[in-house]
Amino acid sequence: MELAELIGKLKEVLTSEGKSIPELCRILEEKDQYKLMEAIAELENSGFAILDGYYRIYREDGGAIYQAKYSRKTANISDSAAISVPASAPI
Amino acid sequence: MSSSAIAPNCKDTFPESWEDFGRILDNYIHSNITTLDQKSYDVILGFSRGGTILANAFACLLKDNGSKIYSDPLKASVRPIPRGLTLKAKDSCFIMNQAATYQEVSDIIENLERDLVDYKENIIRGINKGVPINVLIMDDNLTGATRVSFLEDILEDMKSRGIVANHDTLAYVRHRNFLESEIPTIRAFPKDPKIEMFSMPWHKPSHEKKDLHFQDENIDLIKFKFKIDTNKTLDEFKKSIASIKHFRIRREKFLVNGSSEFLLEYDPRGVIGLNFLTNKYYPPKRCLESGKLQMADVDADPLYLPICSFYRGKLTIGCCLMCSVLNCNEELFRESIESANSEAIFIELIFGHINDELQDAIKAWMLKRFPDIMVNL
Chain P
1 MELAELIGKL KEVLTSEGKS IPELCRILEE KDQYKLMEAI AELENSGFAI
51 LDGYYRIYRE DGGAIYQAKY SRKTANISDS AAISVPASAP I
Chain L
1001 MSSSAIAPNC KDTFPESWED FGRILDNYIH SNITTLDQKS YDVILGFSRG
1051 GTILANAFAC LLKDNGSKIY SDPLKASVRP IPRGLTLKAK DSCFIMNQAA
1101 TYQEVSDIIE NLERDLVDYK ENIIRGINKG VPINVLIMDD NLTGATRVSF
1151 LEDILEDMKS RGIVANHDTL AYVRHRNFLE SEIPTIRAFP KDPKIEMFSM
1201 PWHKPSHEKK DLHFQDENID LIKFKFKIDT NKTLDEFKKS IASIKHFRIR
1251 REKFLVNGSS EFLLEYDPRG VIGLNFLTNK YYPPKRCLES GKLQMADVDA
1301 DPLYLPICSF YRGKLTIGCC LMCSVLNCNE ELFRESIESA NSEAIFIELI
1351 FGHINDELQD AIKAWMLKRF PDIMVNL
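First to last, the sequence lines map onto chains P and L. With the numbering used here applied, the first sequence covers 1 to 91. With the numbering used here applied, the second sequence covers 1001 to 1377.
It cannot be assumed that every hint is accurate.
Heads up, incomplete: computed chain P residues facing chain L, CB under 8 Å, no partners named [to be verified]: (1) E17; (2) K19; (3) P22; (4) K31; (5) Y34; (6) K35; (7) M37; (8) G53; (9) Y55; (10) I57; (11) E60; (12) A64; (13) Q67.
It is worth saying that the hints were derived from the structure and are not from the lab. Every residue gets a Cβ at the ideal spot worked out from N, C-alpha and C, and that includes glycine.
All chains should be modelled from the sequences, with the hints used to inform the complete structure.
Below is the structure:
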């Protein structure tokens, strides 16, 4: 699936209920997670999609893994900040 | 976004016996013997302890299966990485950082090629001597694929140089929350939704679940971008990053190191952005062990500088995530800063729930790690 087509389909399946990247891949029958992530990034940049929370799953040693969920942006997320870090001297 | 964004902990463990493990392996081999014969694996690579147990059991059952190809004693020889004894507890970036441990990374980089060449040139006799070999990577219970992905890249490089003919990857089981199409598995994860952990016979059967205990479960940080103004083209920048051994490039646009996935963004004016895409977050084990801020650990691992050393707010997932992103990508930031023009590095943070303390902590971390640059809000 071409990226533009994937973005269009992603817009249709993203709802207010968050979904993980593997979930979205399964729904859209897209095998390449990176292509899906690129589509998510496009939709984040355009203000359509947003990180909405995390699933919590467990490794065999009991350690938690947090898996991001994305949803259609509904609230007005405007709290942003930028830290500028001038490189005034070589590192 | 609400405080219920992180699901409650209410899952159980599925323990599997040695008998079931052996039977499932044997059934898989029976069902796939034609393909396995066609693949004609010379060497099976097994990661750490569980992966090596799996690889050895698989090789034994493969040979016990009546296959003429695998009746050759040299076929399906198991090569552990690195020694079949390593655990993943020491590295603060553990599974996030490449092949889980520095020992595995160094073994793969320094020893593996020599061993495979030795197998190809000196161990194999007869008409197959010197012929590129077929390799199977095996791992046991995959809740990530970082080390497998890293090794696949190494084998792909060996393939281009005529050491390896073909390589495949096969895991025993993979958590249901990961994509099945990414890595083939021998066995499906149990369908019962209550089953959260899958315990192999060599695992402790009932590990206590270990979580980070957030004092505020609101999702604060939702976007992190690191931007530099540089004279380099995107290709030149990618080449400079390629010198960092812990990074790989995917789809020409993603910088991947196991802890993090950055999408490279390029502005025609020369601004390169590292857009951090949140996907999977593996907290450092020491944070999971205690579930609380690890101030005392600052001196325990000089390579890892916990952001909570500078953080004065309530513990949030944004704080822990940024701690991992900053520490496990320090080389990337250093290389990027060296590529930048003066006065042209920006860190862009977007918050769902504003967290000034986290913003201050990120700035303090940068000043500590990069004291020769000025940080302005």
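These are the hints, each one checked on the structure:
no., hint, result
1, E17, "violated, 11 Å"
2, K19, "violated, 11 Å"
3, P22, "holds, 4 Å"
4, K31, "holds, 4 Å"
5, Y34, "holds, 5 Å"
6, K35, "holds, 7 Å"
7, M37, "holds, 5 Å"
8, G53, "holds, 3 Å"
9, Y55, "holds, 6 Å"
10, I57, "holds, 5 Å"
11, E60, "holds, 5 Å"
12, A64, "holds, 5 Å"
13, Q67, "holds, 5 Å"
Of the numbered hints given earlier, the model fails hints 1 and 2; all others are met.
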